[in-house]
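Visitor: Below, each chain spelled out in residue letters.
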Amino acid sequence: MIMIFGIPAPLLFGQLLLGLINGAFYAMLSLGLAVIFGMLNIINFAHGALFMMGAFASWMLLNYVGIGYFPALILAPILVGIFGIILEKTIISRLYKLDHLYGLLLTFGLSLVIEGLFRNAYGSSGMPYRIPDVLQGATNLGFMYMPNYRGWVVLAALVVCLATWAIIEKTSLGATLRAATENAPLVQAFGVDVPRLITLTYGGGVALAAFAGVLAAPIYSVNPNMGTNFINTVFAVVVIGGMGSIMGSILTGFGLGVIEGLTKVFYPQASATVVFLVMVIVLLVRPRGLFGKAA
Amino acid sequence: MFGFSRAQSIAFVVMVVLIVVSPFVLYPVFLMRVLTAALFATAFNLMIGYVGLLSFGHAAFFGMGSYVAAWTMKTWHVDAAIAIIFGGLTGAILGLVLGYLAIRRSGIYFAMITLALAQMVYFFCLEAPFTGGEDGIQQVPRGRLFGVINLNNDMTMYWVVALVFLGGFLFIHRVIHSPFGQVLKGIRENEPRATSLGYRTDDYKLIAFVLSCMIAGVAGGTKALVFGIATLTDVHYSTSGEVVLTTLLGGLGTVFGPAMGALVVTSMENYLAQFGAWVTVTQGVIFMVCVLAFRRGIIGELGAFLRISL
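Residue numbers (the numbering used here), protein chains in the order written: chain A, 1 to 295; chain B, 1 to 310.
Fair warning: there could be bad hints in the mix.
[Claimed, not checked] Covered by chain B, according to a simulated footprint, are these stretches of chain A (three or more residues, beta-carbon under 8 Å):
(1) 99-113
(2) 116-129
(3) 138-151
(4) 155-167
(5) 264-273
(6) 277-284
[To be verified] Pulled a few chain B residues facing chain A out of the computed Cβ check, cut under 10 Å:
(7) Met155
(8) Met288
(9) Leu302
(10) Ala304
Hints listed in this document are in silico derivations from the structure and should not be mistaken for laboratory results.
Note that beta-carbon positions come from the ideal geometry of N, C-alpha and C, so glycine has one too.
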């Protein structure tokens, strides 16, 4: 058996892959948080709950309507995104003139409501979601066996993250969005419907979280707490990366996932806290975050 | 002498009378829960109400205070008073370390950093041997205060808790109305200006944070003493959320708001406990209603109605 640093290679690569998967979720969630923060100036505490709703939406589509995984991958984000748009229109938009902290408190309350309702309806034990047949099994990569579904998650997350980056950085819609983030009144004066842009941004960020939720459904059991478990770590990821750059969020998310995976190999006791330790170091060395703009 | 206005003095007397009378009407154990929650929220209010920084990780200080007080009482058999002091010291030391890191950022980032650091404390408590992991520290004996007063009697325990609460309450009030507290409010209103006047604003914020964490630790230690138990719930982020809710509902930046919020939130939990997750839903709804329509909270609205500052 091949050994690397005294660790069997399959174990090392296996944990590395698990790390990449966690990193994929960190990247998608922190990306959504960053985009929403840029436009709405609120930290969307409900992001974890909406991620969970994405997973539940795919589970419901399968069990109540009989719609399978791949259509759900498109449908669930659209449904949850519409829910997000309704939230933005009816509730969140009332807060833009207030201190940012109120947005955080409101969305925190929102996450309590959503998670509480799901816990009432489905309990907290969680429901299994079968991996679709096409992605069953594993592939021999030579140095390790890779479960196909896990490879798919990393690939899909990468594609979606890069597509989001491309939309924001390379299209005219993205240019308008970036301009509105910098100076909303001026963009509005040019005839752009900024409130609608804000609504769509929130819907888009939420849809991204829901997409991550669908990807997560077959890996973790679909349960009402799955978002909360992620979101606290994602906040640390956001602090580490800083919310200034889209690519920064993606890189930080994947990078921290890998660090977490490696920690599981070399010092398992610290694997739950390593992201927070990295945050402490970043705060000491570069308080504004790796990719953050100077305050 | 504590900087109370006339209206506040009257309100304070009303509160003391209520504290004295209520154990003859309501269950002392329930009231002790209210008082520890009130002290915790009052400590939290020092940060959000007077420095303008939202700490989303105050459970770390409350919970560690609770663990250390429970552990010292059970293992070292220290006096209840010493255990509470240990709880406060734990809160203060942890507050110094975490606060040093967190005050490097402000606003939303401060909230996220405190949340993340508290999560780290939670994972530490989950793994560390002395906390008893999922079981927590159970069956902590209340013992005798100063070796004389038997705390196993709930009424006796109640008076001790009432004194701890009033002590902490007056301490925080004194801090807020000291010259130091005036500077804090100045920083909240306009930090660059305070800096230009020569104040080291970071030091002021850190000291306020440490004081707030110390009282949170005292509240946690007292809670461990009353219920004879310290568990992961005390350090869990839902506890941090609850203290935010308590203070928001009672009134951010008001003197009596946190105590009022603690009374309402604890009563609500008491009555809703049988309905399981509905507690969470109700809390969430209250959060949203408070933010959307009731930002001054109960005491804040009352004060605005009476045109006085409570």
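Visitor: For every hint, state whether the structure bears it out.
Guide: Against the structure, the hints:
no., hint, verdict
1, 99-113, "holds (count 12)"
2, 116-129, "holds (count 4)"
3, 138-151, "violated (count 0)"
4, 155-167, "violated (count 0)"
5, 264-273, "holds (count 3)"
6, 277-284, "holds (count 5)"
7, Met155, "36 Å, violated"
8, Met288, "4 Å, holds"
9, Leu302, "21 Å, violated"
10, Ala304, "17 Å, violated"
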